[in-house]
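Participant: Read off the chains here:
Number of protein chains: 2
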Amino acid sequence: MEFEKKEITKKSKDFSRWYTDVILKAELADYTPVKGSMVIRPYGYALWEGVQQRLGQAIKDSGVPNAYFPLFIPHSLLEKEKKHVKGFSPELAVVTHGGGKKLAEPLVVRPTSETIMYPLFAKWIQSWRDLPFKVNQWCNIVRWELRTYLFLRTLEFLWQEGHTAHATAKEAEEESLGRMKMYQDFVEGVLAIPTIVGRKSAAEKFAGAENTYTVEALMPDGKALQCGTSHNLGQNFAKAFEIQFQDKDGQRRYVYQTSWGLSTRIIGALIMVHGDDNGLVLPPRIAPIQVVVVPIDPEDKEQMEYARDVAAESNSALRRADQGSAATIYIDDRSQYTPGYKYNEWELKGVPVRIEVGPAEVRENAVTVVRRDTGEKCQMSNVKCQKEIEKILNDVQENLYQKARKFLKENIREVEDYAEFKKVMTGPRGFIKAFWCGSSECEAKIKEETRATIRAIPLESESASGRCIYCGRSSSSQVFFAQAY
Amino acid sequence: MEFEKKEITKKSKDFSRWYTDVILKAELADYTPVKGSMVIRPYGYALWEGVQQRLGQAIKDSGVPNAYFPLFIPHSLLEKEKKHVKGFSPELAVVTHGGGKKLAEPLVVRPTSETIMYPLFAKWIQSWRDLPFKVNQWCNIVRWELRTYLFLRTLEFLWQEGHTAHATAKEAEEESLGRMKMYQDFVEGVLAIPTIVGRKSAAEKFAGAENTYTVEALMPDGKALQCGTSHNLGQNFAKAFEIQFQDKDGQRRYVYQTSWGLSTRIIGALIMVHGDDNGLVLPPRIAPIQVVVVPIDPEDKEQMEYARDVAAESNSALRRADQGSAATIYIDDRSQYTPGYKYNEWELKGVPVRIEVGPAEVRENAVTVVRRDTGEKCQMSNVKCQKEIEKILNDVQENLYQKARKFLKENIREVEDYAEFKKVMTGPRGFIKAFWCGSSECEAKIKEETRATIRAIPLESESASGRCIYCGRSSSSQVFFAQAY
Chain Y
-3 MEFEKKEITK
7 KSKDFSRWYT
17 DVILKAELAD
27 YTPVKGSMVI
37 RPYGYALWEG
47 VQQRLGQAIK
57 DSGVPNAYFP
67 LFIPHSLLEK
77 EKKHVKGFSP
87 ELAVVTHGGG
97 KKLAEPLVVR
107 PTSETIMYPL
117 FAKWIQSWRD
127 LPFKVNQWCN
137 IVRWELRTYL
147 FLRTLEFLWQ
157 EGHTAHATAK
167 EAEEESLGRM
177 KMYQDFVEGV
187 LAIPTIVGRK
197 SAAEKFAGAE
207 NTYTVEALMP
217 DGKALQCGTS
227 HNLGQNFAKA
237 FEIQFQDKDG
247 QRRYVYQTSW
257 GLSTRIIGAL
267 IMVHGDDNGL
277 VLPPRIAPIQ
287 VVVVPIDPED
297 KEQMEYARDV
307 AAESNSALRR
317 ADQGSAATIY
327 IDDRSQYTPG
337 YKYNEWELKG
347 VPVRIEVGPA
357 EVRENAVTVV
367 RRDTGEKCQM
377 SNVKCQKEIE
387 KILNDVQENL
397 YQKARKFLKE
407 NIREVEDYAE
417 FKKVMTGPRG
427 FIKAFWCGSS
437 ECEAKIKEET
447 RATIRAIPLE
457 SESASGRCIY
467 CGRSSSSQVF
477 FAQAY
Chain U
-3 MEFEKKEITK
7 KSKDFSRWYT
17 DVILKAELAD
27 YTPVKGSMVI
37 RPYGYALWEG
47 VQQRLGQAIK
57 DSGVPNAYFP
67 LFIPHSLLEK
77 EKKHVKGFSP
87 ELAVVTHGGG
97 KKLAEPLVVR
107 PTSETIMYPL
117 FAKWIQSWRD
127 LPFKVNQWCN
137 IVRWELRTYL
147 FLRTLEFLWQ
157 EGHTAHATAK
167 EAEEESLGRM
177 KMYQDFVEGV
187 LAIPTIVGRK
197 SAAEKFAGAE
207 NTYTVEALMP
217 DGKALQCGTS
227 HNLGQNFAKA
237 FEIQFQDKDG
247 QRRYVYQTSW
257 GLSTRIIGAL
267 IMVHGDDNGL
277 VLPPRIAPIQ
287 VVVVPIDPED
297 KEQMEYARDV
307 AAESNSALRR
317 ADQGSAATIY
327 IDDRSQYTPG
337 YKYNEWELKG
347 VPVRIEVGPA
357 EVRENAVTVV
367 RRDTGEKCQM
377 SNVKCQKEIE
387 KILNDVQENL
397 YQKARKFLKE
407 NIREVEDYAE
417 FKKVMTGPRG
427 FIKAFWCGSS
437 ECEAKIKEET
447 RATIRAIPLE
457 SESASGRCIY
467 CGRSSSSQVF
477 FAQAY
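Chains as they are written, first to last, in our numbering: chain Y, -3 to 481; chain U, -3 to 481.
Please keep in mind that the hints were generated in silico from the structure rather than gathered at the bench. Everything numeric in this text was worked out from a predicted model, so none of it was measured. Be a bit skeptical, because a hint or two may be false.
[Stated by the list, open to error] In silico PhoX-like links for lysine-lysine, alpha-carbon gap of 25 Å or less:
#1 Y:Lys338 with U:Lys56
#2 Y:Lys130 with U:Lys2
#3 U:Lys405 with U:Lys443
#4 U:Lys79 with Y:Lys97
#5 Y:Lys130 with U:Lys21
#6 U:Lys31 with Y:Lys78
#7 U:Lys97 with Y:Lys31
#8 U:Lys97 with Y:Lys79
#9 U:Lys97 with Y:Lys97
#10 U:Lys56 with Y:Lys56
Work out the full structure, taking the sequences as your base and the hints as a guide.
Facilitator: Right, here's the structure in full:
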């Protein structure tokens, strides 16, 4: 029986349609009857489980345990930090009825959890001995949004949010910078996505924060996508929620806080950055299936047995190499599909390495190995394959990172002239590195005229001087502009 | 410096206050500013993570992948299955406003996910090749409830819900029975809680199900607590949501479905069943910390070094024994607390085994091992301890199970007289095994007069005959009654 090949739009032809096609056809996610909401299907959710496992371990290893706080926030709590409520008000979903009755006070569905967590922090933190206090939560978040863009813009999404409280401003600053670095390491090291990092401008920072640090990646269409942010909240929330501790000298002092999060949006970045005309291309370190073994004829007993041996040996080889991690190898023994259909499907699903096993391979105790990233196909002995499988996966990981890094580098442009700035932002887009005087007015004008925002202010300013790209005033600080998702 | 010992009410004196004391003092959970909602604190959440890991692996191993469906359900979808909406209507939280506007159609916060999942099942399931279709989700659930009882009755709770679709009624029945068995294995094997299983009566079954299967445990106060349920939904939802597949003969047929869930309530059972006057008592297979090593004087370098060796060796011994599982050993090196304070705290937190290390132990290359369940304390050589640590933990696990099993057995009473039934239900309570004629009227009267409900109808009916405990009509089926949480 022959099945129709799953066709997708070419990436080069229509990037946005390609993106949606890949998600729907590779069964990562789907639309739902709830406007603005998506369902994350098993193959897509396996990617999020990979994030939870890898990033989750890093969070735990850094001494932050998980907990779970309420979904609903009484409106009066949300209002305690003035800038915070102002920032989130337009995006709220509000529960007004419960158990058949109108509520005396409406409940907000969490758009982030500062205001429901911090009254409890105030209760739990009493002494300097309770500090630093750190907790993390994996949960769902709601921010009102009806124009769904799968993974990138949905009414509901999943994330982790870490929250910490410290005795000193210095510790809070170090924590927030450390979390930015943690996200960068994860996004670059596991997802193979190169990033630029830095501080947000006053206009772009988190509502209620002193400083927001960000990890930004560049998508193939030249738009930036934020991959995790970390906020130094200073004492803003501590004062609003009366989070005080008795210090060693007996004085009661407000704590200094941070919060930091990474969401399912990151899966959108993963798809966009590495995918190609044939579909998804997954870095091995996040791929739910790292190697698929396809016997040409699954009805042939000898071939199936050989395929099983190859899979088992590859599995052992990878487990030995990558202690404790879940090397996943899948044998596609479905007999209702042709090998061609299967190759197409696994390419669409972005499995890093495919091992084909046919009569010739069985005869010669060999395998045919096909790399998803380059399409390279080569026959080798089974013994060699087992020896090299780890190296091949590492090569795929590294190749994907380097390819994306090259694209990022080529698309960071230093621009000194506003006409050129505008041209770049209509043309190739990408990041523009330009001098900025620091005024919110110039920033707002640039956004209005080019849709570009300041994505990141580098942390180490190279000693340079120039003129603000918009107003021409002298400036000593170059910042990264881009249009963003 | 000396700290006050954390006091809790005695279990025998006031069971309900003891329960709340243990939860608050062992920092498993806390009340929140949101009426009806609780926060699960890190030590309590670690228990839930244990559930997610152990039960989650069983679910995955049985071929059910995880996914994530929307939190919000349009009210019109909830209404599609008539009995279902009727059952859940009184418990709903309703979002009426989003993004600052009143919604055209109110959204319900999921009280369970059948009605948001199944429109998508209808889209994804087309052919017999797509069956069986199975998916699981770990998520938060809201059922309106303002009288909080920590873990047992809260407005919001966490759970997993598995949903499957099958080509035949037989397969669906097998699936729902299999999931009941899976929950029983988990609750008995990991949580060391003995259970009785069976079918629910028409009055007690899930709104919209053909049959509900249940796993029931007995709490020390004689009340039953449901530990997971599994529903055979028949074609009720398939017809409401038009979930059809083309069968091998070309005919379009409705699927048969099941759903099954286990929630954070289970942690309430775990606390109640095993705890004692000194606090929590955790079965090793679910304990976040299995062994705590307490050096008497953490400032003594030699002692600390020895304590670290003991911990490292115990860790290796346990990891060898229990491949892949996370044996967790914690060294309590806090110098601001006395050993007595620490012993008290770890007892309160239910850590199965405590290893004390003082000058005598260092001198003799020995350790003092204290079991949480029995209080037994014995000195042994470090070598012997490493050899036996696995066995000791297994003994604790088995002892807790047997103790609870004895209690359960002693509290299942066969009763043939309604006066005695009423007396038992005011007195020791527990399960009553009694004949029931099968009528909902008798069932309702019994509930009204004794607050006892039918908890489970045994699956294999022993060939017996007797008279209905309420109406006296002849009956061939004995069922389990109890008051319930």
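Participant: Against this structure, judge whether each hint is valid.
Facilitator: Going down the list of hints, with the structure as the test:
In summary, the hint linking Lys338 of chain Y to Lys56 of chain U is supported, as the alpha carbons are separated by about 24 Å, within the 25 Å threshold. For the hint linking Lys130 of chain Y to Lys2 of chain U, the alpha-carbon distance of about 23 Å falls within 25 Å, and the restraint holds. Taken as a hint, the Lys405 of chain U and Lys443 of chain U pair is honoured in the structure, with Cα atoms around 23 Å apart against an allowance of 25 Å. About 21 Å separates the Cα atoms of Lys79 of chain U and Lys97 of chain Y, which keeps this hinted pair within 25 Å; it holds.
Proximity of Lys130 of chain Y to Lys21 of chain U is assessed by CA-CA distance (about 19 Å); at most 25 Å being required, the pair is judged to hold. About 23 Å separates the Cα atoms of Lys31 of chain U and Lys78 of chain Y, which keeps this hinted pair within 25 Å; it holds. Proposed proximity of Lys97 of chain U and Lys31 of chain Y is supported: the alpha carbons are some 14 Å apart, at most 25 Å. As the CA atoms of Lys97 of chain U and Lys79 of chain Y are separated by approximately 21 Å, the hinted pair is consistent with the 25 Å bound.
The hinted pair formed by Lys97 of chain U and Lys97 of chain Y meets the criterion: a straight-line CA distance of about 20 Å does not exceed 25 Å. Proximity of Lys56 of chain U to Lys56 of chain Y is assessed by CA-CA distance (about 23 Å); at most 25 Å being required, the pair is judged to hold.
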